[in-house]
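S.K.: Using the sequences plus the hints, can you model the full thing?
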Amino acid sequence: MPEWTQPFVDSMKDVEFSTDEEMMKVAVDLSRNNVVEGTGGPFGSVVFETDKETGKSKIFAVGANRVTTLNNSTLHGETVAIQFAQKKLQSFALKDRSGKKEYSLFTSCEPCAMCLGATFWSGVSRIVCAATKADAEAIGFDEGPVFPESYVALEKAGIRVCREVLQEEAASVLKLYAETGVIYNGQD
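When the letters of the sequence shown are read in order and numbered with the working numbering, they come out as residues 17 to 204.
The hints are simulated quantities; they were obtained by calculation from the structure and are not laboratory data. Please note that a few of the clues may not be correct.
Lysine to aspartate or glutamate pairs mimicking EDC-like chemistry, simulated, CA-CA at most 16 Å apart [claimed, not checked]:
1. Lys149 to Glu165
2. Lys29 to Glu69
3. Lys74 to Asp30
4. Lys116 to Asp67
5. Lys68 to Asp26
6. Lys149 to Glu184
7. Lys149 to Glu185
8. Lys74 to Glu37
9. Lys74 to Asp26
The structure displayed is predicted, hence computed values, not measured ones.
M.R.: Written out as structure tokens, the structure reads:
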């Protein structure tokens with residue numbers, strides 16, 4: 017992760033989040049910082065750990081897109097956040113065996129085909145998205161074979177889906193990136 021992410025996360029280490037909008041703001045801010053700092057693509061993701069008794073959430077792990085800076089097509093914001101969260105939990109599935117906590121993935125844009133697959137396998141209880149596939153494709157990204165049925169499959173697997181939370185704010189980050197960033201699609 018870029019150097020700026022640790023102070024960013026540290027500034028919120030004790031913050032308890034209550035709403036989807038509060039949590040999504042963190043993911044969108046990650047994506048914006050990644051663009052402004054020139055450390056990757058316009059996508060940020062956060063895994064939140066929620067205490068099921070209180071309903072309060074805390075940042076558990078973050079991921080910012082690192083594709084262009086580390087020359088690795090798999091380092092999308094979602095996959096990076098999931099990897100760090102699973103390492104921290106020391107488990108390949110983001111499940112709390114005690115049943116007292118749950119893990120949610122907040123992402124600044126609806127996932128591409130790869131990240132939808134990673135979400136399916138991750139063990140998260142929820143995925144919450146901001147900008148839409150159409151927003152990403154409007155600046156030139158190709159999100160791959162993502163269909164309405166893709167989200168139905170997540171729901172059938174027990175992963176709750178919520179979309180377009182702070183959509184306009186997240187779409188503005190994509191537009192900012194389009195002004196100076198590299199649009200990559202694996203075909204370049």
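S.K.: Now, for every hint given, state plainly whether the structure supports it.
M.R.: Structure-based check of all given hints:
{"no.": "1", "hint": "Lys149 to Glu165", "verdict": "holds, 14 Å"}
{"no.": "2", "hint": "Lys29 to Glu69", "verdict": "violated, 20 Å"}
{"no.": "3", "hint": "Lys74 to Asp30", "verdict": "holds, 7 Å"}
{"no.": "4", "hint": "Lys116 to Asp67", "verdict": "holds, 6 Å"}
{"no.": "5", "hint": "Lys68 to Asp26", "verdict": "violated, 23 Å"}
{"no.": "6", "hint": "Lys149 to Glu184", "verdict": "holds, 13 Å"}
{"no.": "7", "hint": "Lys149 to Glu185", "verdict": "holds, 14 Å"}
{"no.": "8", "hint": "Lys74 to Glu37", "verdict": "holds, 14 Å"}
{"no.": "9", "hint": "Lys74 to Asp26", "verdict": "holds, 12 Å"}
Hints 2 and 5, counting from the list given before, are not met by this structure.
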